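Residue numbers (our numbering), protein chains in the order written: chain A, 78 to 508; chain B, 78 to 508.
Don't read these hints as lab results, they were simulated from the structure.
Careful: at least some of the hints might be erroneous.
Beyond 10 Å from chain A on every Cβ pair, some chain B residues (computed) [as the list claims (entries may be wrong)]: (1) Ala257; (2) Tyr382; (3) Thr489.
Here are the simulated PhoX-like pairs of lysine-lysine, each with C-alpha atoms no more than 20 Å apart in a straight line [to be verified]: (4) B:Lys145 x A:Lys98; (5) B:Lys149 x A:Lys83; (6) B:Lys95 x A:Lys108; (7) B:Lys98 x A:Lys145; (8) A:Lys145 x B:Lys126; (9) B:Lys463 x B:Lys98; (10) B:Lys256 x B:Lys306; (11) B:Lys83 x B:Lys98; (12) A:Lys331 x A:Lys237; (13) A:Lys95 x B:Lys95; (14) A:Lys433 x B:Lys108; (15) A:Lys506 x A:Lys495; (16) A:Lys149 x A:Lys237; (17) B:Lys145 x A:Lys145; (18) B:Lys145 x A:Lys149; (19) A:Lys98 x A:Lys108.
As the structure is a prediction and not an experimental result, all values here were calculated from the model.
Idealized CB from N, CA, C, for every residue including glycine.
2 protein chains.
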Amino acid sequence: MLIEPKILKGFRDFLPGKALKRKNIITILEKTFTSFGFQTIDTPVLEYKEVLLGKGGGDTDKQVYSFKDNGKRDVAMRFDLTVPFARFMALHINELNLPFKRYHIDKVWRGENTQKGRYREFIQCDFDIVGLDNASADFEILQIIHNSFKALEIDNITIKIAHRGIFNNFLANINASDKAVEIMRTVDKISKIGRDKVFDILKDLTDLDSADKILEYIEPGKDFSDTLKKIITMSGGKSESSERLWEVYEFLQKTGIENLFQLDPSITRGLDYYTGIVYETFLNDLPGLGSVCSGGRYNNLASVYTKRELPGVGSSIGLDRLMAGLEELGLLENNNTNNGVIVLNMDKTLLPHYHKIASVIRDSGLACEVYLDSKKMGNQFSFADKKGISYAILCGTEEHSSNTVTLKNLATRENHDKIPLDEAIVLIKKG
Amino acid sequence: MLIEPKILKGFRDFLPGKALKRKNIITILEKTFTSFGFQTIDTPVLEYKEVLLGKGGGDTDKQVYSFKDNGKRDVAMRFDLTVPFARFMALHINELNLPFKRYHIDKVWRGENTQKGRYREFIQCDFDIVGLDNASADFEILQIIHNSFKALEIDNITIKIAHRGIFNNFLANINASDKAVEIMRTVDKISKIGRDKVFDILKDLTDLDSADKILEYIEPGKDFSDTLKKIITMSGGKSESSERLWEVYEFLQKTGIENLFQLDPSITRGLDYYTGIVYETFLNDLPGLGSVCSGGRYNNLASVYTKRELPGVGSSIGLDRLMAGLEELGLLENNNTNNGVIVLNMDKTLLPHYHKIASVIRDSGLACEVYLDSKKMGNQFSFADKKGISYAILCGTEEHSSNTVTLKNLATRENHDKIPLDEAIVLIKKG
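Take the sequences, apply the hints, and build the full model.
Printed below as a string of structure tokens:
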């Protein structure tokens with residue numbers, strides 16, 4: 078009896094077209110990260126459960142794939158790349174060159190309820206600078222976000238920035254520090270639940286006047302410096318935090334990339350983890366998609382594992398959400414050309430010759446395959462067409478005896494009859 | 078209380094140096110595979126246990142990481158890339174362009190006993206052609222093995238070939254067909270347990286005379302065609318299998334790559350799975366390492382999941398074993414140069430200018446980072462040195478006011494004082 082070849086809910090196969098698109102995006106990101114001197118690392122998919130979840134475990138716990146291995150160890154599959162990175166830094170701190178700039182692009186797993194754009198297996202693209210607490214590092218992460226989307230040719234984005242330290246000063250100023258975590262989590266939901274609901278929750282958490290002030294605080298002004306001035310005033314004047322944010326803004330201006338950045342004090346990132354600058358990135362045409370690249374500054378990455386203080390700043394691109402967005406915007410179109418070459422199989426007895434031709438073409442730096450089956454020419458052209466191949470080489474007995482080939486441009490159907498192979502390669506490279 | 082940042086036995090972290098080396102090898106393999114028109118796919122790490130292990134489960138079972146997920150489903154982590162590929166083909170056959178050439182490079186997990194070069198998490202590099210049963214396809218996989226090692230600049234290898242069909246004919250000829258599986262598994266162990274022990278086992282399985290003949294059969298002759306003639310005679314004359322092998326050999330000769338290939342009838346690959354040509358690849362300087370690239374022809378990839386017959390041929394490179402071998406041979410030396418550039422931090426107030434310089438250098442196509450900390454110059458040079466950076470840009474107040482930079486070659490310690498940035502970039506690119 079046959080077994081049904083089904084896959085688990087929330088998990089996906091990637092067929093060649095989509096797998097290639099994802100790979101191309103990853104390659105572009107890797108190039109961007111390495112151009113800034115970031116280095117890749119790798120950590121295991123499976124770790125001790127305690128290492129990933131701590132002694133307690135909590136809400137995340139339920140989403141984590143954890144089990145006992147054959148040696149009765151409690152193990153878990155990583156649910157993000159940050160916790161393993163913290164463990165990695167604690168373990169290898171003395172082998173690393175600080176400040177350490179790493180990127181890590183790989184799969185993580187969460188048994189969440191599946192919904193549009195949410196999967197149980199998905200890829201995160203993390204990049205962090207660890208061992209520094211200064212404006213240069215904060216700025217560099219923002220610059221990498223800017224350059225990454227530029228390299229991906231996604232121009233129509235807004236990177237919204239805020240600063241947790243200034244928000245905390247503001248909350249102290251209105252005597253609401255004791256509710257800081259709940260307030261930030263509430264504000265974080267504004268794009269999902271709306272201004273009115275946020276106001277109601279804030280009013281219950283604090284009082285009418287404070288709720289009013291919080292909503293005033295999180296409202297962006299007409300530009301970056303205008304907004305910054307407002308939140309400085311509302312938070313009781315200049316502080317280390319506001320000076321830092323100002324410094325970062327100066328970096329953005331002086332490198333001429335400030336246009337894409339907006340100071341939006343409603344960005345809080347919810348997580349207690351962050352202590353300084355925080356940011357989220359939105360596709361302007363799809364604000365409802367949510368952030369496709371978020372992060373911020375934290376003052377102690379690995380405090381669970383080591384007494385050594387490791388301040389850092391970083392960000393993560395949600396590759397699957399980004400791809401879902403690009404697909405919706407028609408920016409992930411099936412431009413299925415691989416610019417490759419196929420040597421058609423016109424005469425079985427010439428197959429060794431075809432393989433030789435393909436070798437020569439590959440040695441010139443082009444991708445080239447031999448049509449390996451022995452079907453009719455119509456089938457061969459249709460195979461090439463489906464695969465998005467650009468050029469066909471035809472070599473029948475006439476071409477073979479005159480040591481030539483016929484080159485066919487599969488898009489234009491234009492032929493170059495009986496030319497030397499060298500010449501065909503030159504024509505293909507000209508495009 | 079701190080949690081110990083330990084990792085599981087058989088699992089590894091990859092620090093930047095080694096992670097980059099592995100990545101570079103993978104990039105070279107991907108380039109080779111795609112140059113032959115192979116396309117990448119992706120499948121989930123977790124699958125239904127039944128899909129991966131069949132209804133029964135067996136010996137592999139014990140090595141597999143399997144558990145109940147939060148929805149009480151029996152799931153397992155993939156232990157190879159072949160079984161998920163078979164499931165993938167059965168599920169997507171109608172969406173794919175046959176013959177289908179896919180490669181897949183990713184991690185798999187087995188809870189085996191750990192030993193030198195054996196890990197519980199390791200990477201496989203699989204490449205297969207599915208939907209064809211002919212010499213062209215058999216040959217192409219061999220050609221890709223040849224080209225892969227050439228691209229990796231590993232020349233001193235031997236690819237040992239045999240053919241299961243001819244072996245079966247031979248066993249029929251000596252009336253030992255009923256013991257075929259046990260005999261092949263025994264012969265497969267010859268490099269591990271030696272000729273004498275193999276003889277003893279074979280003698281018990283069959284008889285003295287048959288054991289003698291089997292050992293004679295598996296002994297390679299003086300060259301490919303000599304060996305082929307011998308095994309044709311011993312297997313009762315020409316057959317479809319021997320004709321196929323001869324055809325493949327002709328392809329190897331006509332494309333001029335026959336040198337690396339040896340016909341070695343002792344290669345059987347043990348697994349019942351294979352039906353035609355089989356091969357293993359050895360580093361000549363480390364024969365004891367075992368095969369670093371093995372595979373063969375199978376006549377039905379996905380018979381567990383579909384009635385559709387899917388003959389194929391493929392191979393898999395054992396990346397971790399290969400890297401262990403290269404390390405032992407000193408071929409994985411720490412040539413830790415990234416040819417990158419670092420802009421040193423001589424004056425904190427000039428940091429925005431340094432970031433601007435780095436942007437210009439990156440825009441020219443070079444990797445460039447700003448030294449983000451504010452330590453002494455000695456520390457900055459030592460940071461650059463440890464990271465293998467090739468060039469430093471120094472820009473103090475003098476350079477800044479004259480709109481120049483000083484370029485330092487970190488290997489030769491040679492300086493170009495106060496030159497325009499454009500000129501520095503040209504010099505760096507010249508190397």
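Hints, verified against the model:
With a minimum CB-CB distance of about 26 Å to chain A, Ala257 (chain B) clears the 10 Å threshold, and the non-interface call stands. At the 10 Å boundary, the C-beta of Tyr382 (chain B) falls inside the reach of chain A, the nearest C-beta of that chain being 4 Å off. Thr489 (chain B), annotated as away from the interface, keeps every beta carbon of chain A farther than 10 Å; the closest lies near 21 Å. Straight-line distance between C-alpha atoms of Lys145 (chain B) and Lys98 (chain A) comes to about 33 Å, which puts the hinted pair past the 20 Å bound.
Distance restraint check for Lys149 (chain B) and Lys83 (chain A): the Cα-Cα separation of roughly 16 Å lies within the 20 Å cut-off, and the hinted pair is therefore satisfied. A threshold of 20 Å between alpha carbons decides the hint, and for Lys95 (chain B) with Lys108 (chain A) the separation of about 18 Å falls inside it, so the pair holds. With a CA separation close to 33 Å, the supplied pair Lys98 (chain B) and Lys145 (chain A) exceeds the 20 Å bound. With a C-alpha separation of about 16 Å, the suggested pairing of Lys145 (chain A) with Lys126 (chain B) holds against the 20 Å cut-off.
At roughly 16 Å between alpha-carbon atoms, Lys463 (chain B) and Lys98 (chain B) fall within 20 Å of each other, so this suggested pair holds. Restraint check for Lys256 (chain B) and Lys306 (chain B): the C-alpha separation of about 24 Å exceeds 20 Å, so the hint is violated. A hinted pair counts as satisfied when its Cα atoms are at most 20 Å apart, and Lys83 (chain B) with Lys98 (chain B) does not qualify at roughly 24 Å. A threshold of 20 Å between alpha carbons decides the hint, and for Lys331 (chain A) with Lys237 (chain A) the separation of about 19 Å falls inside it, so the pair holds.
Among the hinted pairs, Lys95 (chain A) with Lys95 (chain B) is inconsistent with the structure: their alpha-carbon atoms are about 29 Å apart, more than 20 Å. At roughly 19 Å between alpha-carbon atoms, Lys433 (chain A) and Lys108 (chain B) fall within 20 Å of each other, so this suggested pair holds. Between Lys506 (chain A) and Lys495 (chain A), the direct Cα distance comes to roughly 18 Å. Compliance with the 20 Å bound is thereby established for this hinted pair. For a cut-off of 20 Å, the pair hint linking Lys149 (chain A) to Lys237 (chain A) is broken: about 46 Å separates their Cα positions.
Of the pairs offered as hints, the one joining Lys145 (chain B) and Lys145 (chain A) holds, with about 10 Å between alpha carbons and a cut-off of 20 Å not exceeded. Distance check on the hinted pair: Lys145 (chain B) and Lys149 (chain A) sit about 15 Å apart at the alpha-carbon level, within 20 Å; holds. Among the hinted pairs, Lys98 (chain A) with Lys108 (chain A) is consistent with the structure: their alpha-carbon atoms are about 15 Å apart, no more than 20 Å.
When the structure is compared with the earlier hints, violations turn up for hints 2, 4, 7, 10, 11, 13 and 16 and for no others.
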